[in-house]
Amino acid sequence: EAGVAQSPRYKIIEKRQSVAFWCNPISGHATLYWYQQILGQGPKLLIQFQNNGVVDDSQLPKDRFSAERLKGVDSTLKIQPAKLEDSAVYLCASSLDHYGYTFGSGTRLTVV
Amino acid sequence: GESVGLHLPTLSVQEGDNSIINCAYSNSASDYFIWYKQESGKGPQFIIDIRSNMDKRQGQRVTVLLNKTVKHLSLQIAATQPGDSAVYFCAALGAGNMLTFGGGTRLMVKP
Numbered sequence: 007e008a009g010v011a012q013s014p015r016y017k018i019i020e021k022r023q024s025v026a027f028w029c030n031p032i033s034g035h036a037t038l039y040w041y042q043q044i045l046g047q048g049p050k051l052l053i054q055f056q057n058n059g060v061v062d063d064s065q066l067p068k069d070r071f072s073a074e075r076l077k078g079v080d081s082t083l084k085i086q087p088a089k090l091e092d093s094a095v096y097l098c099a100s101s102l103d104h105y106g107y108t109f110g111s112g113t114r115l116t117v118v
Numbered sequence: 002g003e004s005v006g007l008h009l010p011t012l013s014v015q016e017g018d019n020s021i022i023n024c025a026y027s028n029s030a031s032d033y034f035i036w037y038k039q040e041s042g043k044g045p046q047f048i049i050d051i052r053s054n055m056d057k058r059q060g061q062r063v064t065v066l067l068n069k070t071v072k073h074l075s076l077q078i079a080a081t082q083p084g085d086s087a088v089y090f091c092a093a094l095g096a097g098n099m100l101t102f103g104g105g106t107r108l109m110v111k112p
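Residue numbers (this note's numbering), protein chains in the order written: chain A, 7 to 118; chain B, 2 to 112.
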């Protein structure tokens, strides 16, 4: 079974620039999650999709972050404009039900 | 200004010894718990899970213990190997089926 694919693996941008991350979940997984993991901390949920609908985005800083999951498969997470404190690893995960999460390897974002 | 991440607690063990990693949770409504292993440059990897109607669950070289009275979870790794070196996170499934992660513990295995 192919895992959760994420790209790019690394990204370095200047503050105030924009950036986008892409995630392709495991085939058939209806639920998709984006997490932010700051260095030295556990992952923090940003947004949860069920198919192409948002289930929870209460932790998403909506003034600068946006996410979409068109057609209920791939998803993109965008940051515009980026701030220094957005430097983190952005993890995508998918699950068939709520008990079987699989994480991708993440995108490491550095904002300078 | 500069932002510094939290310093992860570290557990250092000798190869072959048993490791015990602890986790406390706050939401008594959580009914499902998972331990994850995260190696450098990789996403969290599932190790073992336990539901709130159980006190103990065993896997291959790993055991999870759940004490709901004090809201405490532990992961025991038997005969720890160098390949076990990683950061370990506990996570709890709570309201809205959201998975909430703890701060993590870095396990270092000395050969």
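No lab work stands behind these hints: they were computed from the structure.
Wrong hints could be hidden among the right ones.
Cut-off 27 Å, straight-line C-alpha distance, at most; resulting in silico cross-link-like pairs (DSSO-like, lysine-lysine) [stated by the list, open to error]:
(1) K89(A) x K68(A)
(2) K43(B) x K17(A)
(3) K17(A) x K68(A)
(4) K89(A) x K43(B)
(5) K50(A) x K17(A)
(6) K72(B) x K50(A)
(7) K50(A) x K69(B)
(8) K84(A) x K43(B)
(9) K77(A) x K21(A)
(10) K111(B) x K50(A)
(11) K69(B) x K21(A)
Just a few of them, taken from the derived set where beta-carbon distance is under 8 Å, the chain A residues facing chain B [what the hints assert, rightly or not]:
(12) Q47
(13) L51
(14) D63
(15) F71
(16) G112
Glycine is no exception: its CB is placed at the ideal position from the N, C-alpha and C atoms.
To see whether the hints hold, each was checked on the structure:
1. For the given pair, K89(A) sits about 14 Å from K68(A) by alpha-carbon distance, which is consistent with the 27 Å threshold.
2. Proposed proximity of K43(B) and K17(A) is supported: the alpha carbons are some 16 Å apart, at most 27 Å.
3. For the proposed pair K17(A) and K68(A), the alpha carbon gap of about 21 Å is at most 27 Å, so the pair holds.
4. Simply put, K89(A) and K43(B) have alpha-carbon atoms about 24 Å apart, close enough for the 27 Å limit, and the pair holds.
5. Between K50(A) and K17(A) the alpha-carbon distance is near 20 Å, which keeps this suggested pair within the 27 Å criterion.
6. At roughly 21 Å between alpha-carbon atoms, K72(B) and K50(A) fall within 27 Å of each other, so this suggested pair holds.
7. Restraint check: the Cα-Cα separation between K50(A) and K69(B) comes to about 23 Å, which is no more than 27 Å; the hinted pair holds.
8. Taken as a hint, the K84(A) and K43(B) pair is honoured in the structure, with Cα atoms around 21 Å apart against an allowance of 27 Å.
9. At roughly 31 Å between alpha-carbon atoms, K77(A) and K21(A) are farther apart than 27 Å, so this suggested pair is violated.
10. Note on K111(B) and K50(A): the hinted pairing is violated, with a Cα-Cα distance of about 30 Å set against a maximum of 27 Å.
11. With a C-alpha separation of about 45 Å, the suggested pairing of K69(B) with K21(A) is violated against the 27 Å cut-off.
12. With its C-beta approaching chain B no nearer than about 5 Å, Q47(A) sits inside the 8 Å limit, and its interface hint holds.
13. Taken as an interface hint, L51(A) checks out: its beta carbon lies about 6 Å from the nearest beta carbon of chain B, inside 8 Å.
14. Proximity of D63(A) to chain B is violated relative to the hint, the smallest CB-CB distance being about 11 Å (cut-off 8 Å).
15. Evaluation of the F71(A) hint against chain B yields a violated restraint, the C-beta minimum of about 17 Å exceeding 8 Å.
16. At about 5 Å, the closest approach between the beta carbon of G112(A) and any beta carbon in chain B falls short of 8 Å, and the interface hint on this residue holds.
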